[in-house]
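The sequence shown runs 1 to 618 under my numbering.
Calculated directly from the structure, the hints in this document are not laboratory data. There is no bait here: all hints are sound.
List of simulated lysine-lysine pairs, BS3-like, C-alpha gap at most 30 Å:
| hint | residue 1 | residue 2 |
| --- | --- | --- |
| 1 | Lys552 | Lys405 |
| 2 | Lys66 | Lys88 |
| 3 | Lys88 | Lys32 |
| 4 | Lys29 | Lys320 |
| 5 | Lys491 | Lys405 |
| 6 | Lys270 | Lys294 |
| 7 | Lys247 | Lys270 |
| 8 | Lys481 | Lys405 |
| 9 | Lys107 | Lys88 |
| 10 | Lys481 | Lys552 |
| 11 | Lys491 | Lys546 |
| 12 | Lys66 | Lys320 |
| 13 | Lys208 | Lys196 |
| 14 | Lys247 | Lys160 |
| 15 | Lys62 | Lys88 |
| 16 | Lys294 | Lys29 |
Now the in silico label distances, taken between C-beta atoms and shown as ranges:
| hint | residue 1 | residue 2 | range |
| --- | --- | --- | --- |
| 17 | Glu42 | Phe478 | 45 to 53 Å |
| 18 | Ala83 | Ile351 | 49 to 57 Å |
| 19 | Gly303 | Asp198 | 35 to 43 Å |
| 20 | Ala430 | Lys208 | 55 to 63 Å |
We put the CB at the ideal spot given by N, CA and C, even for glycine.
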Amino acid sequence: MKYKQITAFLLLLILPEVFAEPVTPAHRKAAKMAAGIPILHEGRVKPVDTFAEVHLLIFYGKRSTKELTASEWLLELLLDPLAADERKIFNIRNADIAEALNLEARKEHYYSFNEIWPGIQSNMAFLRQAYEKDPEMRDLVERQLLELYNNLSRYIEIGKSMPFLQKVFSLESEKLAAAFGLAPGEQENLLFFQGKQDVFAKFVEEMKQKEEQEIDRDDAELVNLAQNLDRVRRQEQSSIFQVVPPKKGAELEQWSPLWSGQSLSERDRKFLSPWETISDVYLSNQEADIESFKTSIANLYDGHNRVRLSMLNLEVHNNKLNLFYKSAAFYILSFLLIIISWAVWSKPLRIASFASLIIGLLLHAAGIFIRMLIMGRPPVSTLYESVIFVGFVCVLTCAIYEMMKRNSLGTFSGATLGAVFHFVGFGYAADGDTMGMLVAVLDSNFWLATHVVTIAIGYGCAFVAGFIGHLYLFFKIFQPKDKERLRALAKNMLGASLIALFFTLFGTILGGIWADQSWGRFWGWDPKENGALLIILWLLILMHGKVAGKMKENGFAFGLIINNIIVALAWFGVNLLNIGLHSYGFTESIFLKLGLFCGLELLFGAVAYSIVKWRRHS
Numbered sequence: 001m002k003y004k005q006i007t008a009f010l011l012l013l014i015l016p017e018v019f020a021e022p023v024t025p026a027h028r029k030a031a032k033m034a035a036g037i038p039i040l041h042e043g044r045v046k047p048v049d050t051f052a053e054v055h056l057l058i059f060y061g062k063r064s065t066k067e068l069t070a071s072e073w074l075l076e077l078l079l080d081p082l083a084a085d086e087r088k089i090f091n092i093r094n095a096d097i098a099e100a101l102n103l104e105a106r107k108e109h110y111y112s113f114n115e116i117w118p119g120i121q122s123n124m125a126f127l128r129q130a131y132e133k134d135p136e137m138r139d140l141v142e143r144q145l146l147e148l149y150n151n152l153s154r155y156i157e158i159g160k161s162m163p164f165l166q167k168v169f170s171l172e173s174e175k176l177a178a179a180f181g182l183a184p185g186e187q188e189n190l191l192f193f194q195g196k197q198d199v200f201a202k203f204v205e206e207m208k209q210k211e212e213q214e215i216d217r218d219d220a221e222l223v224n225l226a227q228n229l230d231r232v233r234r235q236e237q238s239s240i241f242q243v244v245p246p247k248k249g250a251e252l253e254q255w256s257p258l259w260s261g262q263s264l265s266e267r268d269r270k271f272l273s274p275w276e277t278i279s280d281v282y283l284s285n286q287e288a289d290i291e292s293f294k295t296s297i298a299n300l301y302d303g304h305n306r307v308r309l310s311m312l313n314l315e316v317h318n319n320k321l322n323l324f325y326k327s328a329a330f331y332i333l334s335f336l337l338i339i340i341s342w343a344v345w346s347k348p349l350r351i352a353s354f355a356s357l358i359i360g361l362l363l364h365a366a367g368i369f370i371r372m373l374i375m376g377r378p379p380v381s382t383l384y385e386s387v388i389f390v391g392f393v394c395v396l397t398c399a400i401y402e403m404m405k406r407n408s409l410g411t412f413s414g415a416t417l418g419a420v421f422h423f424v425g426f427g428y429a430a431d432g433d434t435m436g437m438l439v440a441v442l443d444s445n446f447w448l449a450t451h452v453v454t455i456a457i458g459y460g461c462a463f464v465a466g467f468i469g470h471l472y473l474f475f476k477i478f479q480p481k482d483k484e485r486l487r488a489l490a491k492n493m494l495g496a497s498l499i500a501l502f503f504t505l506f507g508t509i510l511g512g513i514w515a516d517q518s519w520g521r522f523w524g525w526d527p528k529e530n531g532a533l534l535i536i537l538w539l540l541i542l543m544h545g546k547v548a549g550k551m552k553e554n555g556f557a558f559g560l561i562i563n564n565i566i567v568a569l570a571w572f573g574v575n576l577l578n579i580g581l582h583s584y585g586f587t588e589s590i591f592l593k594l595g596l597f598c599g600l601e602l603l604f605g606a607v608a609y610s611i612v613k614w615r616r617h618s
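Go ahead and model the full structure; you've got the sequences and the hints to work with.
What follows is the structure, encoded as structure tokens:
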């Protein structure tokens, strides 16, 4: 890859906003105003910006489109649905799905709602049959079509959240328009006409005095307007956009949408008012001061149960910063620089590579710390967070090693592991909100800060040891005469393994104490417990073999590669079983990737060990 291409790729990761197409100032301003408003979604009060990002990730696969940020896209769907329905935001990569929906094959794989929906309607009988099947009996096409249908249904539900703010009603009659304070053809929304009941009443009284043959075009237009307004008012409103909190002292779950089509109370009007302002800015480019608007939102939601506006604003800023993507970019840069340094400009590029690794590590740490502040809990509580934290542990361990040895292997290992774990995390992030609420048994900060974090540190150190095992066999094959490097790697393998054993054993004991307090037993042969025990036993076997002289460095390195497989199965594999008390992170999507990882690890270890063994005997 050419240097210019590498630079462009990294800049795209680090500064995506620079390359975005221009958005109208009014739309951008309205999106900034809406971004920090609280909304209850999936049991958590979060900013509207996160709500938008979660759904755009599900539909589009990314946190923003080429043209719009998540908040800008959400406002388009809420306030300008005709434009939103034409925007290509649904990611369909399976050619069989595209063919079934009569869609043309595209390199980008993105399609609009208007392109997809006719194909969905023509396949409703097939979808009903697929839905009635046992989930385990559905094939890939059936599963993906049902998933697409669910996404489209969610899209429609969001789009029905604010029909009363969509400016789609107008009057062509000069007389009628003037009576309502409008210009002919000027569009307004349902709420505007709801506030003009006196004007309607006046015209209705006039019409009552007329004979049927005296009804003119103006009267017919007014009747048509009233019917259209009533149709929108009566249509079923979506309940997904819950931005009205309960009255102070009520339960958290009692949040509600902006309007249900009934008469508005004074309190409801207060919570609707900010969205009217946003609508006016977005659709009519009206003036509004963002800081004053934010102050009014703070006053409106002040004192409501679990609404922490400072944390919501921090979450909005965190969404914009996208620290984990930037961290991944610096890890990739570090990896490329260290590879190049082995060919040219060794010392300056090694320094630059290590500096890039440290910057990525700091961004990584900042992202984890901000998440802790927002959620008010330790860094590891979900499967996604464990991936991000284990990656951080790996990079931190490798950075410390590099500062001690200064031989570039720590930088190479840290950059590789950091980037890999980030990309694994990005895959989990695409499934929805990564800051979701916890199941009850996990909602304990003390045990999350001890057992779960300790186990995660053990996983991280185990992967570092396994990666060093890869390096040992690699150099044993390609640089067998570099005895000094091989001795250093052998010592590092042993040291990392001991650290991994300590944290895994200690974390497992703490987990048993937690289990005793939560479920009334210290050990129950749960799949997750068995996985932790397997890691400990395997590491102990390797240690005993090494100390007893029965296992040399080659076998020890191969054993650590096998340990990577055991850790992966204990970490991700038990969730595929969907049984046991620890099955709170179930996902089928990881099955093939986990199998591929285990297969490649086993293949590399077996082939590398066999080559080393064959050379020794020959």
